[in-house]
Amino acid sequence: MTPALYDRIQDLRKRYPERRSAILPALRLAQEEHAGWLPPEALTEVADALDVTPAYCLSIASFYDQFHLEPRGRTLVEVCTNVSCALAGAQDVVDAFERELGVAPGSTSADGAYGLGTVECLGGCGWAPVVAIDNRHRLRVQAADVPAIVQELGDGDGPA
Amino acid sequence: MATARPEIVFAGTDGGAVLTLDEYRSAGGFGALAKAREMAPDEVIAELEASGLRGRGGAGFPTGRKWAFVPKPDQLPKPHYLVVNADESEPGTFKDREIMLRVPFRFLEGCLISAHAIQAKTVFVYIRGEYEREFEILRDSLEAMRKAKLLGKVTLVLHRGAGAYICGEETALLESLEGGRGLPRTKPPFPAVAGLYAAPTAVNNVESIATATKVLELGGAEYAKLGVENSSGTRVFSLSGDVVNPGNYELPHGISLRELVYDVGGGVPNGRALKAVIPGGSSTPILTAEDIDTRMDFDSLVAAGSSIGSAGVIVLDDRCCMVQLGVRVSQFYEHESCGKCTPCRVGTRWLTQILQKIENGDAGQADLDLLLSVCDRILGKCLCPLGDSDAIAVASYVARFRDEFQQHVDLGRCPFEGESSLERILAPTEMHARHHEAAHA
Numbered sequence: 001m002t003p004a005l006y007d008r009i010q011d012l013r014k015r016y017p018e019r020r021s022a023i024l025p026a027l028r029l030a031q032e033e034h035a036g037w038l039p040p041e042a043l044t045e046v047a048d049a050l051d052v053t054p055a056y057c058l059s060i061a062s063f064y065d066q067f068h069l070e071p072r073g074r075t076l077v078e079v080c081t082n083v084s085c086a087l088a089g090a091q092d093v094v095d096a097f098e099r100e101l102g103v104a105p106g107s108t109s110a111d112g113a114y115g116l117g118t119v120e121c122l123g124g125c126g127w128a129p130v131v132a133i134d135n136r137h138r139l140r141v142q143a144a145d146v147p148a149i150v151q152e153l154g155d156g157d158g159p160a
Numbered sequence: 001m002a003t004a005r006p007e008i009v010f011a012g013t014d015g016g017a018v019l020t021l022d023e024y025r026s027a028g029g030f031g032a033l034a035k036a037r038e039m040a041p042d043e044v045i046a047e048l049e050a051s052g053l054r055g056r057g058g059a060g061f062p063t064g065r066k067w068a069f070v071p072k073p074d075q076l077p078k079p080h081y082l083v084v085n086a087d088e089s090e091p092g093t094f095k096d097r098e099i100m101l102r103v104p105f106r107f108l109e110g111c112l113i114s115a116h117a118i119q120a121k122t123v124f125v126y127i128r129g130e131y132e133r134e135f136e137i138l139r140d141s142l143e144a145m146r147k148a149k150l151l152g153k154v155t156l157v158l159h160r161g162a163g164a165y166i167c168g169e170e171t172a173l174l175e176s177l178e179g180g181r182g183l184p185r186t187k188p189p190f191p192a193v194a195g196l197y198a199a200p201t202a203v204n205n206v207e208s209i210a211t212a213t214k215v216l217e218l219g220g221a222e223y224a225k226l227g228v229e230n231s232s233g234t235r236v237f238s239l240s241g242d243v244v245n246p247g248n249y250e251l252p253h254g255i256s257l258r259e260l261v262y263d264v265g266g267g268v269p270n271g272r273a274l275k276a277v278i279p280g281g282s283s284t285p286i287l288t289a290e291d292i293d294t295r296m297d298f299d300s301l302v303a304a305g306s307s308i309g310s311a312g313v314i315v316l317d318d319r320c321c322m323v324q325l326g327v328r329v330s331q332f333y334e335h336e337s338c339g340k341c342t343p344c345r346v347g348t349r350w351l352t353q354i355l356q357k358i359e360n361g362d363a364g365q366a367d368l369d370l371l372l373s374v375c376d377r378i379l380g381k382c383l384c385p386l387g388d389s390d391a392i393a394v395a396s397y398v399a400r401f402r403d404e405f406q407q408h409v410d411l412g413r414c415p416f417e418g419e420s421s422l423e424r425i426l427a428p429t430e431m432h433a434r435h436h437e438a439a440h441a
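So the protein lines, in turn, are chains A and B.
For the first sequence, the residue numbers in our numbering are 1 to 160.
For the second sequence, the residue numbers in our numbering are 1 to 441.
Everything labelled a hint here was simulated from the structure, so no lab data went into it.
Keep in mind that a hint or two might mislead.
The calculated lysine-lysine pairs, modelled on PhoX-like cross-linking and capped at a C-alpha distance of 25 Å, are [what the hints assert, rightly or not]: (1) B:K225 with B:K35; (2) B:K147 with A:K14; (3) B:K381 with B:K340; (4) B:K121 with A:K14; (5) A:K14 with B:K149; (6) B:K78 with A:K14; (7) B:K153 with A:K14.
With the sequences and hints as input, model every part of the structure.
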């Protein structure tokens, strides 16, 4: 583990009366350090920094949708498919991303550049369909917009 | 008919955002906090009770009374906590997000006022992990307040969730904030007495807290003049679905659904006919086009057989298949069930599977009965309302559109023949594909 991660988790601990409360922000930091997912060593690092067991970290990480226990690509594209987004054409948007990225929903490209997923309500129903790219929301995305978005993303490392 | 649109939560924004402390203060911002801090905590609570403000998260519990339930520090000498529920995730609801984006200081000022009222020295804002920009705005606003020494002796911590709808349920939220899986707790004890770290805790919604700032500014009695009986004040309605102008609209309680959908929302696009409206987030019972003159307030929606919930209004036109709607809504609750209570964990999956069977044209008459029977076996049998939400929503689709369900059974196929607006519904594959494949293998 980088000393920086350990130290940053210690800083997080100080915000809370009890150390376990820091586990969500600690896992978030660890995931950022491990290219967007939590390999077993990341769980061990968080466990060491918070004085809990790796199994406890796994029990938490597996509960929350934003933690990934397998690689999800350097850039993660998530399309909301709940009711309001579905009515506004979310499925066409998913299909367009699948076509442009060559990645099926729920999977990650072989080169690790992109992950594509469908997700539950992102809280943007009035600006549907909503697409989250690395947790940044794009609003009112239509299938026709997708090629330009993919071009902008380049090789998966974000806009140049 | 033009409707008066008094702005409370979004007052002073002129349709935009107030993102600097200077701008907010020059318009009188933090005056309400100064006023509150000169008052005794009980006097602040009395203002809230006089305002008639009811919680905006969905349950509608009176905010002042909630605060009054928190024991005084001399009665229960433990740290007191204010926890703000910014984990907005109910499908159809996107109002708290806009409040945090446009009036972050009004919201944070409300946090400090509320903390004063319940004598809390620590405030946690639990914001959903998917709200990145909203988190950044709150973080920057908080930093500006810290520099301006507005926090006093209060510590305010922004705590980010990580993707779990269940954490919007207050006891699951507290579990999550303590570093656990978001599993709801048994009540009692209620959070007011034994909440965060088993200490006295008030849990309030973002809109309620932002409104509290204005209640102090205007005075409770003045605020109570807005709206209608039992539903004072304004409401931020989130309008989405098949409507010309989707978005958030702050309007007084008591406006009719017709005014909201047609006058404010511009009506149903492409000349389609209105079929149904989900009035308060996907967990609330559906209304039909015939209910269009229902008034949007707590009592009127109960009288109409529904609930104002989180005021997330989803408009559906005549292309929408109600069985498909049921499948998609049920998939959501199935995915979000934490698994603690068997009726919810198992029942939500049963509902999805039976609805899918009906949609596929493979269901017999007994399956319709089974669907309602499963709803009954979930209702009221779980620790939290998540399973109930699925059962109530699905049962309402059957009750209001029984003929459409019957047609699926009689025809042995979907009567929309591939033309429903939800035809190619797709639940999150990562969460559903695997276990649905297993279930249907």
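Taking the hints in turn, this is what the structure says about them:
1. B:K225 with B:K35: 21 Å, holds
2. B:K147 with A:K14: The hint holds at about 20 Å.
3. B:K381 with B:K340: 12 Å, holds
4. B:K121 with A:K14: 16 Å, holds
5. A:K14 with B:K149: At roughly 21 Å apart (the allowed maximum being 25 Å), K149 of chain B and K14 of chain A satisfy the hint.
6. B:K78 with A:K14: Holds, at roughly 19 Å.
7. B:K153 with A:K14: Answer holds: K153 of chain B to K14 of chain A is near 17 Å, not above 25 Å.
Hint compliance for this structure: no hint is broken.
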